[in-house]
Amino acid sequence: KAGVTQTPRYLIKTRGQQVTLSCSPISGHRSVSWYQQTPGQGLQFLFEYFSETQRNKGNFPGRFSGRQFSNSRSEMNVSTLELGDSALYLCASSSDGFNTEAFFGQGTRLTVV
Amino acid sequence: SQKIEQNSEALNIQEGKTATLTCNYTNYSPAYLQWYRQDPGRGPVFLLLIRENEKEKRKERLKVTFDTTLKQSLFHITASQPADSATYLCALDPYSGGGADGLTFGKGTHLIIQP
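So the sequence lines, in the order shown, correspond to chains E and P. In terms of our numbering, the first sequence opens at residue 2 and continues consecutively. In terms of our numbering, the second sequence opens at residue 28 and continues consecutively.
A few of these clues could be false.
What the hints assert, rightly or not - Reference excerpt, derived from the structure (chain P facing chain E, CB under 8 Å, subset only):
id	residue
1	55
2	76
3	113
4	116
5	134
These are calculated hints, taken from the structure and not from any lab test. Quick caveat: nothing in here was measured; it's all calculated off a predicted structure. Glycine residues also receive a C-beta, built at the ideal position from the N, C-alpha and C atoms.
Generate the whole structure from the sequences, applying the supplied hints.
Quick look at the structure:
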């Protein structure tokens, strides 16, 4: 069974640009969550999608958005990038949400310069 | 406000000994707690989930306890090996605060097993 796949693995963007990250969950998983990880703040929840609907949202500005497709693949978008958005962005899939184990991808390392 | 604390300093343990990591929380009443392992540059890997009505859970060399009175979970690795060196994260369920807002992670404890 293939694991969670995130693309790209590394990304360098300039302040003010926008970026789209992609996540393919484990086959059969309908819940996809996104997290931002930085050395100072640790892992912080961005949002969760379940069956194409955003079910939960963390405390991030509206520049961070996401969506989920009918095949459960998910994308997250960050507009008007700021230096502070530099982080490891992790996607996690699970069968039905937070009360089961989450399977994380390798992450996308975003650097904003 | 809700808070999760893990020992932010590195924990050095000699190979073969038992490593014990602590996760303390305040202003939470979690229904369950999870432990993950994270290696540098990689995503976290799920290890164990323990529910509030379970005092202890084991998986091979791993053991987790959950004391809802002390608001604490302990994570033990017995017969530790250098390959166990990693950062270990605890995560609480999001529903304890009255709403679902994702797993809430501690900042992790960096465990180093010395050969």
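* Asked: Which earlier hints can't be squared with this structure?
  -> 1 and 3
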